[in-house]
Structures are given as structure tokens and as C-alpha cells.
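Undergrad: Just so you know, the protein sequences line up as chains A and B, in that order.
Per UniProt numbering, the first sequence runs over residues 1 to 188.
Per UniProt numbering, the second sequence runs over residues 1 to 374.
Treat the hints with care, since some could be wrong.
Across the chosen pairs, the derived CB separations fall in these ranges [what the hints assert, rightly or not]:
#: 1; chain 1: B; residue 1: ALA330; chain 2: A; residue 2: GLU67; range: 47 to 57 Å
#: 2; chain 1: A; residue 1: ASP164; chain 2: B; residue 2: GLU287; range: 51 to 61 Å
#: 3; chain 1: B; residue 1: ARG202; chain 2: A; residue 2: ALA93; range: 50 to 60 Å
#: 4; chain 1: B; residue 1: GLN333; chain 2: A; residue 2: ILE56; range: 30 to 40 Å
#: 5; chain 1: B; residue 1: LEU357; chain 2: A; residue 2: LYS13; range: 34 to 44 Å
#: 6; chain 1: A; residue 1: MET141; chain 2: B; residue 2: ASP217; range: 40 to 50 Å
#: 7; chain 1: A; residue 1: ALA93; chain 2: B; residue 2: LYS279; range: 38 to 48 Å
No lab work stands behind these hints: they were computed from the structure.
Glycine included, each C-beta is placed from N, C-alpha and C at the ideal position.
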Amino acid sequence: MQLTTRSKQVSNKEMTLAEKMYLPAVISGLAITISHFFRKKPTIQYPEVKRYLGPIYRGHHILKRDEQGRERCTACGLCAVACPAEAISMVAAERKKGEENLYREEKYAAVYEINMLRCIFCGLCEEACPKQAVYLRHDLMVPVFLERDEVIYGKDRLVENMDDRYIRVANPEVNATPTEPSLTRAAT
Amino acid sequence: MIDLRLLSRTTIYMEDVKPQLLKVTIDGIEVEVEPGTTILQAARKIGPEVAPPAMCYYQPLKASGGKCRACLVRVAAGSAKDPRPMPKLVASCLTAVQDGMIVENTTNPQVIDARNGIVEFLLLNHPLDCPVCDQAGECDLQNFAFDHGKVTTRYEEERRTFEKQDIGPYIQLHMTRCILCYRCVFTADQITNKRVHGVLGRGDASEIGTYIEKAIDNDFSGNVIDVCPVGALTDKTYRFKNRVWFSKPVDAHRDCPTCSGNVTLWYRGEDVIRVTARKNEWNEVTEFICNTCRFEKKKTSDWTIEGPTKISRSSVISANKYRADTVKPAFGQRLAAAEYKAIHDERDTSQLGIQQLAPERFAKVLPSALDPEP
Numbered sequence: 001m002q003l004t005t006r007s008k009q010v011s012n013k014e015m016t017l018a019e020k021m022y023l024p025a026v027i028s029g030l031a032i033t034i035s036h037f038f039r040k041k042p043t044i045q046y047p048e049v050k051r052y053l054g055p056i057y058r059g060h061h062i063l064k065r066d067e068q069g070r071e072r073c074t075a076c077g078l079c080a081v082a083c084p085a086e087a088i089s090m091v092a093a094e095r096k097k098g099e100e101n102l103y104r105e106e107k108y109a110a111v112y113e114i115n116m117l118r119c120i121f122c123g124l125c126e127e128a129c130p131k132q133a134v135y136l137r138h139d140l141m142v143p144v145f146l147e148r149d150e151v152i153y154g155k156d157r158l159v160e161n162m163d164d165r166y167i168r169v170a171n172p173e174v175n176a177t178p179t180e181p182s183l184t185r186a187a188t
Numbered sequence: 001m002i003d004l005r006l007l008s009r010t011t012i013y014m015e016d017v018k019p020q021l022l023k024v025t026i027d028g029i030e031v032e033v034e035p036g037t038t039i040l041q042a043a044r045k046i047g048p049e050v051a052p053p054a055m056c057y058y059q060p061l062k063a064s065g066g067k068c069r070a071c072l073v074r075v076a077a078g079s080a081k082d083p084r085p086m087p088k089l090v091a092s093c094l095t096a097v098q099d100g101m102i103v104e105n106t107t108n109p110q111v112i113d114a115r116n117g118i119v120e121f122l123l124l125n126h127p128l129d130c131p132v133c134d135q136a137g138e139c140d141l142q143n144f145a146f147d148h149g150k151v152t153t154r155y156e157e158e159r160r161t162f163e164k165q166d167i168g169p170y171i172q173l174h175m176t177r178c179i180l181c182y183r184c185v186f187t188a189d190q191i192t193n194k195r196v197h198g199v200l201g202r203g204d205a206s207e208i209g210t211y212i213e214k215a216i217d218n219d220f221s222g223n224v225i226d227v228c229p230v231g232a233l234t235d236k237t238y239r240f241k242n243r244v245w246f247s248k249p250v251d252a253h254r255d256c257p258t259c260s261g262n263v264t265l266w267y268r269g270e271d272v273i274r275v276t277a278r279k280n281e282w283n284e285v286t287e288f289i290c291n292t293c294r295f296e297k298k299k300t301s302d303w304t305i306e307g308p309t310k311i312s313r314s315s316v317i318s319a320n321k322y323r324a325d326t327v328k329p330a331f332g333q334r335l336a337a338a339e340y341k342a343i344h345d346e347r348d349t350s351q352l353g354i355q356q357l358a359p360e361r362f363a364k365v366l367p368s369a370l371d372p373e374p
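Using the sequences plus the hints, can you model the full thing?
TA: This is the structure we're talking about:
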């Protein structure tokens, strides 16, 4: 019974002179090695060169603003209750008169903190968010930290910068002006 | 030794005094109740799986119920004497049971259909601002819509909106969220001495009014917050303080000259952020508390702590809390057993098992393989 087509018959025949010198075999081996010097290198020089992680990579969190630059987050707490690592905490506050251009709803997150030591980047907060406020960026990773007090990210590091808005290529819903589901249209 | 004659006499005596119990069947489960009981109360006697939802009915409040139609059930047989079914679905909170009545609640698709419609109607004008609303997490309408609601709405008209109103220094009225269950009106009628707020207008235009925003200065006015099934009446001292499910409920009491003093304290860290009356398993307050307890005693030193409030495992309030009795190891198994559905699986499984090789294959190494089996 033949199990494979690559099997070779082993023989004990006398080697020829060329085979006894081993030189052709050494040269052919070296040729293989040298040919690898001229090939394209698969290594990426990581800190200097960064690889594209794909359109659905879950990286750095971002708190989106709407098209008028108002914060979308209304501190409903659904991200925090969905978070399996309990990394998110927030304190809500009521919007005052004259702050309508800062916050979208009458309630907003005065404090919004994510503990990046706890976060496991599962993306459940993004899924839970009813206001399309929190997203995990596909193009940016959370940088390496050296001190423990760098780990808790507040609103200063999470809220979107209007000059450099986050646009998710793979999902047209996450563009500069995210579309609201029609249900929330009449919400006050 | 027990005197048997005496025992039998006692039994007869007890039967004489006991009123005739009525036998009702709800969703195939039989229960015996006293005359005058409503279908809803009989169903509650069986348990929460059978009890119809109630948005306006509130047992401690007299004359409540019949407004929201959430508790509609089908009566398949009116009574033992007259077993004809009732022609239309009936509100179970108002209909009294009769002997031999057969009620279909969740087993009837017509009832489920009707409830889906009721949710749609209740949500016509109700704003979807649950992320902002302080009631979210303990809201009856949220629970009801979770069970029976649709994801989308067919309503395209302008929703009715109202300005927020302050009713007194502690209570805020969001008329936009009101579903007109009249519970607060009944509370004001029955718990407090003089009613200062009622319902103005009719039909779509009706609203909870306070008669020119006259403040309720009654000692028990804060209870309208607890009876409100939605977030229409909210505690101003708790406004946006925290989400319900991040605060920790603790039972406590104090010596109060005006009320029973039995309350639930809601903690955030070490701070009491809210005081409410205790709710039973039907989300109803049986002991109303006074405004002093509710709004002014927000220090732990004012209270005698009894222990953590029992919260059902399925409630969002139990999320992220790891008390020993909230996490039940058998819960997953019971859920799996309840949800188990036998699937149609008629594949040819003859190729899946380990195949017996023919004994001739082993004849060379194991000659005994060819021996006949004993």
C-alpha cells in the first residue's frame, strides 16, 4: 500500500567521486542561502513602520462629536454596564443654559474615564452605545505606558478633535456626520 | 392520641366559616382564590411568569387600573355555569374571577398581539430618551417594551412635547414622558389630605396639571415619584446623580414620627444619593414614606442599616454587583434547561462512530482475533 508519492527507495550503493567530495552539495546549499539576501524582507521595522491593521481593528477609544462639534455622549452608562472588565466610569452633569453648542443632550458626561489597564478592547462599549458616541479607532493603538497614572484616560484624551476627525473607512455609518437611526429623531 | 371525632368536627367547622373558594385556571395552572379577586391578583398568586404586566394598576391605590390595557387577557370560559368565552379581551386588573373561569394569558397569540399593539400605542408620544431619563433601569414601560415592543416605530407625526415643570422644590414633572396612568392622581387623592394636582384636558391633550403650578406642600407628596411607572415624575435631588444600576440599594429604617421609616437607600460609594420607599416584587410600594425621610435624610448616620436589598438576578440593578446570593451557579443550567429545544437531527450517523475493522486485518499479529467470540 502506497501512503505517499514522495517516498524514495533507500539504497546503500557506493558514492561517486563528486559525491564523496561534498563540494557540489555545499555550493548548492550556499547558493540557496545567498539567494535569500536579495529577496524582499518580510520584517516590518515596527516602531518606525506601522502595519495597516484592517478596517475593523479595535484600538484607541474615541468619544465622537456630532457635525456641529457637540459631544454626543450623554452619560447613559450603557457602555460601563456592558464592559466586561469594568474599565469605564463616568459622572453625569446637567447642561446649563448657553452650553447647547458644547453638548448635544440635556445631560452630558462631566467625567468619562477609561482604565486602559483594565480594557480588553472587546468593543462591547461601541456596540452598547445608543448615541453613537464611543468608538474604538481602527487606525490608532493605545500607546505603551510607563507610569501607572498614565493609564486612566480622561475626556482630554478621548474626545474627538474637530480638526482631525475619525472616519471609519469600512463602515460608512461612522463618517464625519454619523446618521441617527430614525427612531431617535423625535427624542427630546 | 388524637380524637378523630374532634378532628373531623373541626374540619367541618372550618369549612363552614371559610368562604366558598373559586377555582380559576390561568394558562393551564389552577388556583383557588376568594370571591372578589381580580384575574390579575389571581395570576399574581401563581407567580411572576403568569402575571400579566400592569402599567396603571397599583394594588395599594384604590380604584387604580383599567387605563393602560397592558393587562388584557382572553377569557376562554366565563364560568363553570356559563362556559362561553368572553367576546373580547378583558382588562384583568378590573375583571373579577368566577368559579371555573379559564383564562389565557401568554398562551394565547391574540393576547400577545394585543400587548404588542399596546406597547406601540404607549410609545407613540413617549420620547425615547432613556439614556437621559433617571427612571431607566427601573421603568415599567421599559420592561414592558422589552418584552413586547418592536424595534421600529410606524408613527410619523410630530410627537407631543411639553416644557419641564417643577412641582414643588423636590419633584420635577416631565409631561412628555407621561403615559396618563393616573397613579399619581390616585396617590394624591388617597395618601395626601388634599389633592392639588389632577389631569387637565382630554384625550391627546390631557396632561398632569398642578392648577397653576401650585406646589404640592404635602408631607407625602414625594410618593408620586415612586408610583410613577415611567420617568414623568422624578426626584429633583437625584436628577442625573447616577444611573440606577450603578447605585447600590440597601434596606434601612429610622424612627420617623410621620411615616413607617422603612426605606431603601441608594448608595454611590459612601454617599446616599437617593432614598425611596421599598418596592415589592410587583414593583409596588406598600409603605409610603414621608418627604423628610425621602429628601432630607441623606446621611448614613440618620439610618439603621438592615442589609442589602434583594434584587432579582434578571434585573439590571444587579449588574456589576457580586454578592454571594446574586450569582447563582445553577442559574445557567436552569436557563439552559428552560430554553432547551429538541432539534430535528436525522443525519446518517453510521459513519460518525469508530468503525470495527475486519478481524482478518489482525490475523498476522494476533492469531486469536479470528477465534469465534465467546
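Undergrad: Indicate whether the distance between the beta carbons of ARG202 of chain B and ALA93 of chain A respects the range 50 to 60 Å.
TA: violated, 39 Å
Undergrad: Measuring from beta carbon to beta carbon, are LEU357 of chain B and LYS13 of chain A in 34 to 44 Å?
TA: holds, 39 Å
Undergrad: Do the Cβ positions of GLN333 of chain B and ILE56 of chain A conform to the proposed distance bound of 30 to 40 Å?
TA: holds, 35 Å
Undergrad: Starting from the hint 40 to 50 Å, judge whether the C-beta atoms of MET141 of chain A and ASP217 of chain B obey it.
TA: violated, 59 Å
Undergrad: Can the suggested window of 51 to 61 Å be confirmed for the beta-carbon pair ASP164 of chain A and GLU287 of chain B?
TA: Hint holds: Cβ distance 57 Å, inside 51 to 61 Å.
Undergrad: Check the following: the C-beta atoms of ALA330 of chain B and GLU67 of chain A are separated by a distance inside 47 to 57 Å.
TA: The hint (47 to 57 Å, Cβ to Cβ) holds, given that ALA330 of chain B and GLU67 of chain A are roughly 50 Å apart.
Undergrad: Does the Cβ-Cβ separation between ALA93 of chain A and LYS279 of chain B fall within 38 to 48 Å?
TA: violated, 28 Å
Checked against the numbered hints given earlier, this structure breaks hints 3, 6 and 7; the rest are met.
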